[in-house]
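Undergrad: The lines below spell out each chain.
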Amino acid sequence: MNTTITATQNDDVLLEVKNLRTYFKLPRNKLVKAVDDISFTLHKGKVLGIIGESGSGKSVTSRSILRIVEEPGYIAGGEILFKGVDCLKLSEKAMNALRGKEISLIFQDPTTSFNPYMTMGQHLEEAYRVHKAASKDTIRKRSLDVLKMVGINDGENVLPKYPCEFSAGFRQRIFIAMAMIFNPDLLIADEPTTSLGITIQAEIIEALNDVKRASGTSIIIITHDFGVVSQFSDDIFVMYAGHCVEFSPKRDLLLSPMHPYTVGLIRSVPLLEARKTRRLKSIPGFPPDMTALPDGCPFAERCEYAKDVCFKERPELLDVGNGRFCACHYPLKQYRTSDETVLEV
Amino acid sequence: MESKETNTKTLESTNSVARPKKVTFRSIGRFLWENKSFTIGLLIVLFMLSLGIFADYIVPHDAYNGNPREKLLSPFWMKDSNPKYVLGTDYIGRDTFSRICYGLQVSIIIGFGSVAVSLTIALVIGIISGLSHPSLLDSILMRLTDVQMAFPFIVLAIIILSVVEPTIGSVILVLGLCSWAVRSRVIRSSVMIQKESDYVAAGIALGASKFRIAWKYILRNLLPSLVAAIPLDVANAIVLESLLSYMQIGLKPPIISLGSIMGDGRNYMASHWWMTAIPGFVILFFVLGLNLMGDTLQKKMTDVSVKG
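First to last, the sequence lines map onto chains G and V. Start counting the first sequence at 1; every next residue gets the next number (our numbering). Start counting the second sequence at 1; every next residue gets the next number (our numbering).
Everything labelled a hint here was simulated from the structure, so no lab data went into it. Nothing here was measured: the structure is a model prediction, and the numbers come from that model. Backbone N, C-alpha and C define an ideal beta-carbon position, used for all residues, glycine too. Among the hints, erroneous ones may be present.
Stated by the list, open to error - Here are the computed distance ranges between Cβ atoms for each label pair:
{"id": "1", "chain 1": "V", "residue 1": "Trp215", "chain 2": "G", "residue 2": "Pro249", "range": "44 to 50 Å"}
{"id": "2", "chain 1": "V", "residue 1": "Ala277", "chain 2": "G", "residue 2": "Gln122", "range": "28 to 34 Å"}
{"id": "3", "chain 1": "V", "residue 1": "Gly29", "chain 2": "G", "residue 2": "Ile198", "range": "44 to 50 Å"}
{"id": "4", "chain 1": "G", "residue 1": "Lys93", "chain 2": "V", "residue 2": "Ile53", "range": "45 to 51 Å"}
{"id": "5", "chain 1": "G", "residue 1": "Arg28", "chain 2": "V", "residue 2": "Pro152", "range": "36 to 42 Å"}
{"id": "6", "chain 1": "V", "residue 1": "Val186", "chain 2": "G", "residue 2": "Glu71", "range": "21 to 27 Å"}
What the hints assert, rightly or not - Here are the simulated DSBU-like pairs of lysine-lysine, each with C-alpha atoms no more than 35 Å apart in a straight line:
{"id": "7", "chain 1": "G", "residue 1": "Lys83", "chain 2": "G", "residue 2": "Lys250"}
{"id": "8", "chain 1": "G", "residue 1": "Lys83", "chain 2": "V", "residue 2": "Lys195"}
{"id": "9", "chain 1": "V", "residue 1": "Lys210", "chain 2": "G", "residue 2": "Lys83"}
{"id": "10", "chain 1": "G", "residue 1": "Lys18", "chain 2": "G", "residue 2": "Lys89"}
{"id": "11", "chain 1": "G", "residue 1": "Lys89", "chain 2": "V", "residue 2": "Lys210"}
{"id": "12", "chain 1": "V", "residue 1": "Lys299", "chain 2": "G", "residue 2": "Lys93"}
{"id": "13", "chain 1": "G", "residue 1": "Lys44", "chain 2": "G", "residue 2": "Lys132"}
{"id": "14", "chain 1": "V", "residue 1": "Lys195", "chain 2": "G", "residue 2": "Lys93"}
{"id": "15", "chain 1": "G", "residue 1": "Lys18", "chain 2": "G", "residue 2": "Lys136"}
{"id": "16", "chain 1": "G", "residue 1": "Lys44", "chain 2": "G", "residue 2": "Lys30"}
{"id": "17", "chain 1": "V", "residue 1": "Lys195", "chain 2": "G", "residue 2": "Lys33"}
{"id": "18", "chain 1": "V", "residue 1": "Lys299", "chain 2": "G", "residue 2": "Lys161"}
{"id": "19", "chain 1": "V", "residue 1": "Lys195", "chain 2": "G", "residue 2": "Lys212"}
{"id": "20", "chain 1": "G", "residue 1": "Lys307", "chain 2": "G", "residue 2": "Lys281"}
{"id": "21", "chain 1": "G", "residue 1": "Lys93", "chain 2": "G", "residue 2": "Lys148"}
{"id": "22", "chain 1": "G", "residue 1": "Lys141", "chain 2": "G", "residue 2": "Lys212"}
{"id": "23", "chain 1": "G", "residue 1": "Lys83", "chain 2": "V", "residue 2": "Lys216"}
{"id": "24", "chain 1": "G", "residue 1": "Lys136", "chain 2": "V", "residue 2": "Lys36"}
{"id": "25", "chain 1": "V", "residue 1": "Lys216", "chain 2": "G", "residue 2": "Lys161"}
{"id": "26", "chain 1": "G", "residue 1": "Lys93", "chain 2": "G", "residue 2": "Lys141"}
{"id": "27", "chain 1": "V", "residue 1": "Lys195", "chain 2": "G", "residue 2": "Lys44"}
{"id": "28", "chain 1": "G", "residue 1": "Lys212", "chain 2": "G", "residue 2": "Lys101"}
{"id": "29", "chain 1": "G", "residue 1": "Lys312", "chain 2": "G", "residue 2": "Lys281"}
{"id": "30", "chain 1": "V", "residue 1": "Lys36", "chain 2": "G", "residue 2": "Lys141"}
Said to hold, decoys possible - Partner residues aside, some chain V positions facing chain G, computed with beta carbon under 8 Å:
{"id": "31", "residue": "Ser50"}
{"id": "32", "residue": "Gly52"}
{"id": "33", "residue": "Arg212"}
Can you build the whole structure from these sequences, using the hints too?
TA: Rendered as structure tokens:
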């Protein structure tokens, strides 16, 4: 693929992923191309939302950036330029120095992401233990600061307690605080709200927003929920079967999606306050078998607009103007989402 | 920044879910009252430990040299007894009670020593092979464990002890080398489960080194189950040591072991059964006490790690 989503202002670029490919080797010589030829750019202080169904390669993308893809997965090729340095060429030691200090990862399920035998204070201290020594007072002060950043004002009471003493939402706040200890330049939130209740989801998004405003950190937020990305991401990156199908500024994507898959995703968002009663439309069929992807467009079988060429040739990600990219033989130029479909844009 | 101030709700940590109890005398008392089998086991073990540890101060007679004129006396409740010898004397007139105290001392040293050896081996092999799981190293270590498990304990003990002099140190090594296999399997599987857990992934994403992951994250979470395993393993080691001594392939005189006291009574079993039975009951109760403790600990500790 020749087209990459290139940066317009180069000095502003924090992360540039070029043609990233992460494959998983399965027994009997099967190969799963979990992430296949993905490129995107993240500017300083911006929020990128990666959206897609389960198994579309969202989490693998985030783990590839940190280079913590688990066996039997491996990064087969591409470049990950973080501040102009290719992470894939760094030594493991140099990579360890980035992890947790300049790039932090927030996990999906806060009930399992804490070590049950460590207090919250020890968890917050852990980053200092790994990266640089500091006096107990400094660590404590910084811990209380980051806890304030996520809206926890009585940090003194939180530090000596164990993870089991907090609710899931509260733990997720603390996890965000942990990720912010060294003010990383990039925060990757891997489905940070998926395992939480709906009101807590809003609180966590608000906390992430606070963190972003206070520190200017760039955020990659991975989700399968349009409600989450629509609230605070700048750009949206739609993934399907390991491929990028659409990349676009948020507003454009939500108002006039071009890829039929994006349209399907937006249509399947339930709305309680819809003006007209509207049946919830789901995308027919299932995601393709990742061990045997078709030659053509991976979405063709489920696509209502698919024509012959869609089954034969894989569409390339093409620049369609206005900073928008779409991988479709017949991008929808005219499609407009109806008013009630558009969430808070 | 201004909007941040207004946005931030004051969150208090009062929405905490469960508070682990502080350890006080009261809470210890309640624990002992609620877990009576643990308490009984603890009392038996403490009694045995104090007999063994303070043997030098409490033995009434010379345990090594007897008085042949007072040999084969019965314990106090039988008619042919001498009030000087509470549990009677053996075939050369040595006080059985004194000998049991020293035997306990040896059993305690060997029991805890061999568990320290076997747990160390099991931890090293279990953690290394668990962490390197789908690898050649893991396969080699696990085949080694298979060999160890397939080898009968007695045969291995006879082989080793016929080559090296059976001293307390060598018996500790033999028992340690014979009992790590099962533990290392258990540790390996637990490491493999933890390796997949999110908090280990969180540690890796934080940039922690492999060694730090093994030490701070994985070993720390293994501790509860290890603590629970110690009493059970010690009990096992004590039984095995007595067995070796009884069969006269273990410790040699003048070192006294509970097993060798039983062995001494073997030829007199028909007429003087208590010479074998009394040290046997001491082993029985010691092991029973350790097992009662171990069972409760195992139940409690696994509860904790499941709740996370």
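Undergrad: For a C-alpha distance cap of 35 Å, please report whether G:Lys136 and V:Lys36 respect it.
TA: violated (43 Å)
Undergrad: Is the straight-line distance between the alpha-carbon of G:Lys44 and that of G:Lys30 35 Å or less?
TA: This hinted pair is violated, its Cα atoms lying about 39 Å apart.
Undergrad: Sort out whether V:Lys210 lies within 35 Å of G:Lys89, counting only the CA atoms.
TA: Distance of about 20 Å is within 35 Å: holds.
Undergrad: G:Lys141 and G:Lys212 were given as a pair; does the straight-line alpha-carbon distance stay at or below 35 Å?
TA: OK: G:Lys141 and G:Lys212 at ~20 Å, within 35 Å.
Undergrad: Closer than 8 Å between Cβ atoms is the bar; does V:Arg212 clear it against chain G? Give me holds or violated.
TA: holds (7 Å)
Undergrad: Going straight from one Cα to the other, do G:Lys18 and G:Lys89 come out at no more than 35 Å?
TA: holds (14 Å)
Undergrad: CA of G:Lys93 to CA of G:Lys141, is that 35 Å or under?
TA: Distance of about 28 Å is within 35 Å: holds.
Undergrad: Does G:Lys83 pair with V:Lys195 here, judged by a C-alpha cut-off of 35 Å?
TA: Judged against 35 Å, a Cα distance of about 31 Å means the pair holds.
Undergrad: Compare the distance between the alpha carbons of G:Lys212 and G:Lys101 with 35 Å, and conclude whether the hinted pair is satisfied.
TA: holds (16 Å)
Undergrad: Could you check the hint for me, namely that V:Trp215 and G:Pro249 are 44 to 50 Å apart, CB to CB?
TA: holds (47 Å)
Undergrad: For the range 21 to 27 Å, tell me whether the beta carbons of V:Val186 and G:Glu71 fit it or not.
TA: holds (23 Å)
Undergrad: Less than 8 Å between beta-carbons is the criterion; does V:Ser50 satisfy it with respect to chain G?
TA: With a closest approach of 32 Å, the V:Ser50 hint is violated.
Hint check: violations occur at hints 2, 12, 15, 16, 24, 30, 31 and 32; the rest are consistent with the structure.
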